[in-house]
Amino acid sequence: MPFSSLSELKKKLDDGQVTARELAERYLERIALHNAELNAFVHIDPEHVLDQAAASDAYRAKHGARALEGLPIAVKDIFCTQDGPTQCCSNILKDFHAPYDAHVITRLKEAGAVLVGKTNMDEFAMGSSTETSAFGPCRNPWDSNRIPGGSSGGSAAAVAAALTPAALGTDTGGSIRQPASVCGITGLKPTYGRVSRRGIIAFASSLDQAGPMTRTVRDAAMITAAISGHDSMDSTSVNDAPAVDWLGACDKTDMKGLKIGKPKEYFVDGMDAEVRACIEKALDQCKALGAEIVDISLPHTESAVAAYYVIAPSEASANLSRYDGVRFGQRCENPEDLLDMYTRSRDEGFGTEVKRRILTGAFALSSGYYDAYYIKAQRVRTLIRQDFLDAFEKVDVIATPTSPITAFNIGEKTDDPLTMYLADIFTIAVNLAGLPGLSQPCGFANNLPVGLQWIAPAWAEDRLLSAASAYEASTDWSGKTPAAFDGNTACGGTR
Amino acid sequence: MSWEVVIGLEVHAQVNTKTKAFCGCSTEYGAEPNTQTCPVCLGMPGQLPVLNMEAAGKTALTGLAINAQINLESKFDRKNYFYPDLPKGYQITQFPLPLVEHGYLDIPTKDGGEKRIGITRIHMEEDAGKSLHEGLDGVSHIDLNRSGVPLMEIVSEPDMRSADEAIAYLKQLHQLVSFLDVCDANMEKGQFRCDANVSVHRPGTPFGTRAELKNLNSFRFIKQAIDYEVERQIELIEDGGEVVQETRLYDSVKGESRSMRSKEEAHDYRYFPEPDLPPLRISKEELDAIRAGMPELPSQLRKRFEGEYGLSPYDADVLSQTRALAGYFESLVAAFPADPKQCANWLANELLGRLKEMGKDITESPVSTQRLAGLLERIADNTISGKIAKDILDIMMTSNDDADAIIEAKGMKQVTDTGEIDAIISAIMNANPDQVAGYRAGKDKLIGFFVGQVMKASKGKANPAMVNQRLIELLKG
Numbered sequence: 001m002p003f004s005s006l007s008e009l010k011k012k013l014d015d016g017q018v019t020a021r022e023l024a025e026r027y028l029e030r031i032a033l034h035n036a037e038l039n040a041f042v043h044i045d046p047e048h049v050l051d052q053a054a055a056s057d058a059y060r061a062k063h064g065a066r067a068l069e070g071l072p073i074a075v076k077d078i079f080c081t082q083d084g085p086t087q088c089c090s091n092i093l094k095d096f097h098a099p100y101d102a103h104v105i106t107r108l109k110e111a112g113a114v115l116v117g118k119t120n121m122d123e124f125a126m127g128s129s130t131e132t133s134a135f136g137p138c139r140n141p142w143d144s145n146r147i148p149g150g151s152s153g154g155s156a157a158a159v160a161a162a163l164t165p166a167a168l169g170t171d172t173g174g175s176i177r178q179p180a181s182v183c184g185i186t187g188l189k190p191t192y193g194r195v196s197r198r199g200i201i202a203f204a205s206s207l208d209q210a211g212p213m214t215r216t217v218r219d220a221a222m223i224t225a226a227i228s229g230h231d232s233m234d235s236t237s238v239n240d241a242p243a244v245d246w247l248g249a250c251d252k253t254d255m256k257g258l259k260i261g262k263p264k265e266y267f268v269d270g271m272d273a274e275v276r277a278c279i280e281k282a283l284d285q286c287k288a289l290g291a292e293i294v295d296i297s298l299p300h301t302e303s304a305v306a307a308y309y310v311i312a313p314s315e316a317s318a319n320l321s322r323y324d325g326v327r328f329g330q331r332c333e334n335p336e337d338l339l340d341m342y343t344r345s346r347d348e349g350f351g352t353e354v355k356r357r358i359l360t361g362a363f364a365l366s367s368g369y370y371d372a373y374y375i376k377a378q379r380v381r382t383l384i385r386q387d388f389l390d391a392f393e394k395v396d397v398i399a400t401p402t403s404p405i406t407a408f409n410i411g412e413k414t415d416d417p418l419t420m421y422l423a424d425i426f427t428i429a430v431n432l433a434g435l436p437g438l439s440q441p442c443g444f445a446n447n448l449p450v451g452l453q454w455i456a457p458a459w460a461e462d463r464l465l466s467a468a469s470a471y472e473a474s475t476d477w478s479g480k481t482p483a484a485f486d487g488n489t490a491c492g493g494t495r
Numbered sequence: 001m002s003w004e005v006v007i008g009l010e011v012h013a014q015v016n017t018k019t020k021a022f023c024g025c026s027t028e029y030g031a032e033p034n035t036q037t038c039p040v041c042l043g044m045p046g047q048l049p050v051l052n053m054e055a056a057g058k059t060a061l062t063g064l065a066i067n068a069q070i071n072l073e074s075k076f077d078r079k080n081y082f083y084p085d086l087p088k089g090y091q092i093t094q095f096p097l098p099l100v101e102h103g104y105l106d107i108p109t110k111d112g113g114e115k116r117i118g119i120t121r122i123h124m125e126e127d128a129g130k131s132l133h134e135g136l137d138g139v140s141h142i143d144l145n146r147s148g149v150p151l152m153e154i155v156s157e158p159d160m161r162s163a164d165e166a167i168a169y170l171k172q173l174h175q176l177v178s179f180l181d182v183c184d185a186n187m188e189k190g191q192f193r194c195d196a197n198v199s200v201h202r203p204g205t206p207f208g209t210r211a212e213l214k215n216l217n218s219f220r221f222i223k224q225a226i227d228y229e230v231e232r233q234i235e236l237i238e239d240g241g242e243v244v245q246e247t248r249l250y251d252s253v254k255g256e257s258r259s260m261r262s263k264e265e266a267h268d269y270r271y272f273p274e275p276d277l278p279p280l281r282i283s284k285e286e287l288d289a290i291r292a293g294m295p296e297l298p299s300q301l302r303k304r305f306e307g308e309y310g311l312s313p314y315d316a317d318v319l320s321q322t323r324a325l326a327g328y329f330e331s332l333v334a335a336f337p338a339d340p341k342q343c344a345n346w347l348a349n350e351l352l353g354r355l356k357e358m359g360k361d362i363t364e365s366p367v368s369t370q371r372l373a374g375l376l377e378r379i380a381d382n383t384i385s386g387k388i389a390k391d392i393l394d395i396m397m398t399s400n401d402d403a404d405a406i407i408e409a410k411g412m413k414q415v416t417d418t419g420e421i422d423a424i425i426s427a428i429m430n431a432n433p434d435q436v437a438g439y440r441a442g443k444d445k446l447i448g449f450f451v452g453q454v455m456k457a458s459k460g461k462a463n464p465a466m467v468n469q470r471l472i473e474l475l476k477g
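Sequences listed follow chains A and B, in order.
Count the first sequence with this note's numbering and you get residues 1 to 495, in order.
Count the second sequence with this note's numbering and you get residues 1 to 477, in order.
Since the hints were derived computationally from the structure, they do not count as laboratory data.
A couple of the hints might just be wrong.
Here are some chain B residues pointing at chain A (derived, C-beta under 10 Å) [what the hints assert, rightly or not]:
| id | residue |
| --- | --- |
| 1 | Gln47 |
| 2 | Phe82 |
| 3 | Ile142 |
| 4 | Pro275 |
On a predicted model such as this, the values are computed, not experimentally measured, just so you know.
For glycine and all other residues, C-beta sits at the position ideal for the given N, C-alpha and C.
Make a model of the complete structure from these sequences and hints.
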């Protein structure tokens, strides 16, 4: 039985086939049934969800429907919300309640969305597997022994298992696209500056960007349309960003005249052969739709991971200094003095991976090493940005695998951070260059979903949406739900 | 061979904007602790800074006033350290590329000349909160009202060679920022704070190792702290010791300093570019607009007061001390244009003296320029003598009446009727025949005696010039 996309649900709501309250009830039922197995949600307040849904129905009756009226959307535990705790899946923010909504949360509320709950993630978004969460690992609905990707693994698993029709994630080095890829859903990371970062707990400020995780490309466009736009309280949110016809871009059904760049550095020896075959097949499909495939080179790709693992931890080392036990969050018991309070509170509050990155970052910034690490990484970043600018002289969009591998087993890479870091090898450069990127399902390898990544020039999200929509329309990889979750409490069927 | 002292100063001046550097909270001093805070200046998760452009404009204006280069593109950085009154665990500041670079101030020297003190840079940053340790039973409290208040850090070259020069520089700078209305500069409120880098060496040899003195919050303490430090270093070296690079805290009560941290314990601040803020860009047009808003500076005022109004250098200097005082003077001259020198004299010598006794400054003067001008007019038209005018000014300090009303009410109008004056003189002459004889025998100095007697008899109301004139005529017989 097929599960409904956001746009199908919107139509049903608009046609009066279902109310927001009924929709909320059904998804809450599914969460109650399946969340224990997946651990996709870390906080749910059913009463509050139902209240929002009832309020949405009342709003619709009185004023008509807004863009996302009555549609359930889950958000990663990194978004500050006035309702319920915001803990970033870290013990150091245990029971933290933000007195404010993130800008994107405000936008979702203003569009009439019903916020379903907080989804699991790697602690402070540092990870590629959602295993570093203080609330325990999240599982992949396609194989519950495997990871759902990360760091937005909870959002990806929840959408893939249809516990929510859509979710928000954040993407610092691939944290939307990589979990979308390994869970078989669509994920969009907008251009840096397109979406306000205010109220999103910062990991690496120059890289973080929020975006949608959905069952279809059009759903991603619907949500991005609602959450994007200038915020005067985020100085990096761009005021004069070129406008995009978000939904119009999704009407494309062919690729006539489209030049797709195929970077040789993203098709390397050692990548999973089945994954590679999936991507090659997808590109053949694009050719059949009228696209021209152009071999290109992004020569500095191999330095991206190294540069990222200097820049992101450096920024994180400062961003996480505010978790010091003084004003909010975890404070150790009976500190002897100030230093003891700082060190013990932080030692007890942060997990291993977060500590590793804080130390890495503090080291890279320290006197005597700054030039060799931080400055050099920034130079690499400039070169990577230039690689893309050069490539987009020749092509309209770039297509690559989102990840070189499919979902790996839980625990498989936890003892080997370097191997873990390579999970983001194909997504990181996009963040370093500030570009928009989209991952969509393009088949299965080893019986697990494979993601196709689209990359466009800054502010050209419409190109991603058009290419991905045309591909989606001509194949049936999108919107699939794993059999284990394709149960009797389906939300898609007519009543 | 003597020792030479080398001093460089870092001044933290709070920029007097209405709101904080990166959020909309009030900067008003003295509010209840933690009432002027918001998620941004509390360093709450996910909160982001937005630069207060007024703070940037005021910093640029200061830069223009010290003849510095204004960088049309400057950048913000994070300075990392942990302290409970620093909510984010880093301070937003400017490190490699500050808004203002390469300026100078000319300070007066003892011999009446000028010395140029280089100013390396002025960068923008945010203030931290305050930690309160005392009187709280061993528990520390934190007040974050000050967290995020905009600061200018004004860094001088090591160009000063004595504590006196350092004080002269600081006073000049203090006056400048007040004049520009970029800083309220109350040192007791911590709006103008100073750290001093002090070293000693033999002239002609490289600079010595410096110690940084912190916590200097009055001109007097700064001088004391520098003098103490210079003496400490010289003694140390002459006893065969060595000065170590360290930060020292001056205790104004004990009159001595102690080591706070050594070079080895110095923080590694791990500066790096602030990713939450784009570069600060100021266009040429914006800079021109800032320049156009530059008020007259003290040195320009002094020259104009001397040239335009014929004031003495002393009066011109006194009246250009603060913008408010200069403004009062010019408003007084506008109300009484006949005699600017008289305006200066009455303001500098009479009004300011009375205000000082009352513990007030010119902005709190109970006597407006209009009322003071009214008084000066009555002196000019001989209604009252200067001496009587001083008595009237005394009354005006505590009353709302203008000079005319007081003269009328107290009958203080000057006697200018020749007949009336002659009658008093005659009476005095009759009562003092010996003195009359003495004067007539050539003791000219006795004129003073007669003037005194006549003024006394008229209760000070007789016109002194007329008394003088009539006395000479009548005494000669």
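We went through each hint and held it up to the structure:
no., hint, in the structure
1, Gln47, "holds, 7 Å"
2, Phe82, "holds, 6 Å"
3, Ile142, "holds, 7 Å"
4, Pro275, "holds, 4 Å"
Checked against the numbered hints above, the structure violates none of them.
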